[in-house]
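J.: Spelled out from the first residue to the last, the chains are:
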Amino acid sequence: DTEVTQTPKHLVMGMTNKKSLKCEQHMGHRAMYWYKQKAKKPPELMFVYSYEKLSINESVPSRFSPECPNSSLLNLHLHALQPEDSALYLCASSASGSSYNEQFFGPGTRLTVL
Amino acid sequence: AQSVAQPEDQVNVAEGNPLTVKCTYSVSGNPYLFWYVQYPNRGLQFLLKYITGDNLVKGSYGFEAEFNKSQTSFHLKKPSALVSDSALYFCAVRDVSGGSYIPTFGRGTSLIVHP
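Chains as they are written, first to last, in the numbering used here: chain A, 1 to 114; chain B, 1 to 115.
One chain only, chain B, in its complex shape (with noise of 0.2 angstroms):
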């Protein structure tokens, strides 16, 4: 079985300050970790993926996200936060040996920047 945790319903940040979102997640065998972004009335638009290899994964718009093993999380960071950042994210997890491909999703973090 395959799970994931967004823990935080809201995370709320001042432009400039470094951001993050938080993931743990749960899985019988290795993961494989995805983040996506929804802007409002908008569909999901993949930001980065963790399959192996490094844990810092660089993604898009300047966004990264730290692979942590023996935590089980996959937190999402930026250096810097813009307002045009604000928008809910989404975590997603599948299990390497688990034989299926569909991605559980956690249940959304939506991140507010103030200007």
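Extracted from the complex, chain A is given alone in its bound form (with noise of 0.2 angstroms):
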């Protein structure tokens, strides 16, 4: 199984709602990855996992709360979002966190705030 998957496709919430996404590989990866992406723009990253240890946060902000059950299973918390959070949430994994390893990608979570 060489595949990244994400739930739900789509997300529609108020700014008061809590909602998560989750996130699942069974490829044996250990790092694991958050991303946000606007249209047409670059993955920005959001939060990094390696061997389910929080590794980075890239200032994100803490209505964002990422945590790591298992290996294989990486969820985001949403909490108090604001229409500006609206975007396409990726997440990837890899094998580990050598630099040579590619990322593999799931197909997203499209997420608006209303």
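Keep in mind that the hints were calculated from the coordinates and are not lab data.
Please read all numbers here as calculations on a predicted model, not as lab measurements.
All C-beta atoms in this analysis are idealised placements derived from N, C-alpha and C, irrespective of residue type, glycine included.
Hints are supplied without guarantee of correctness; some may be wrong.
As the list claims (entries may be wrong) - Only some residues are given here: those of chain A computed to face chain B with a beta carbon under 10 angstroms:
#: 1; residue: Gln6
#: 2; residue: Gln37
#: 3; residue: Ser50
#: 4; residue: Tyr51
#: 5; residue: Ile56
#: 6; residue: Leu90
#: 7; residue: Cys91
#: 8; residue: Tyr100
The two chains are supplied separately, each in an independent frame; assemble them into the complex guided by the hints.
T.: In structure tokens, the structure reads:
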């Protein structure tokens, strides 16, 4: 299985809601990433987990809260988001944190904040 | 520090013609270089990478890229374009000696292949 899955595909939420995005991979990868992508722009790194520990937080607002329950799962908890947070949220994984490993991306969750 | 530039926002090519999508990079040491493709409403998909060795790298779907150290370039090429190649292409770089395994992505180039 060489796939990264993400649920849900689409999410519409109000600014007071709490929701979660889920990412799963069964390739035995030990590095997992959350990215935010606006239309026609490159992905912006948000968080990196390496061996289930948060290793990078790119100064992301606290209304985004990542969680890595185990080596296959990655969650992104959302609370009190702003309309400007509307974007495509991409999960990715790589075999390890080594520089030469390519990333495998999921299809993304299209988030709309009203 | 590492950076990558994709000088063209958009590349237009006729089906059957060769295509080139340009990428130049800047790193302190040696680079690891990657190309990804993104189809509409999809995640990024890995195409190919240069780590070391042969400067000509072959990847998925008939794409290839040539690493040129003197010109600090890693242009993506395909001998004969297909309409289905129309997508957004991202070049990415990691500095081998920089200590960070996080890639820096270029701004992306939209490839449009006309029938």
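J.: For every hint, state whether the structure bears it out.
T.: These are the hints, each one checked on the structure:
1. Gln6: 8 angstroms, holds
2. Gln37: Hint on A:Gln37: holds, closest Cβ of chain B at ~9 angstroms, below 10 angstroms.
3. Ser50: With a minimum Cβ separation of about 8 angstroms from chain B (threshold 10 angstroms), the hint on A:Ser50 holds.
4. Tyr51: 13 angstroms, violated
5. Ile56: Holds - the Cβ of A:Ile56 comes within 10 angstroms of chain B, reaching about 7 angstroms at its closest.
6. Leu90: 5 angstroms, holds
7. Cys91: Holds: closest Cβ of chain B sits about 8 angstroms from A:Cys91, inside 10 angstroms.
8. Tyr100: Holds - the Cβ of A:Tyr100 comes within 10 angstroms of chain B, reaching about 5 angstroms at its closest.
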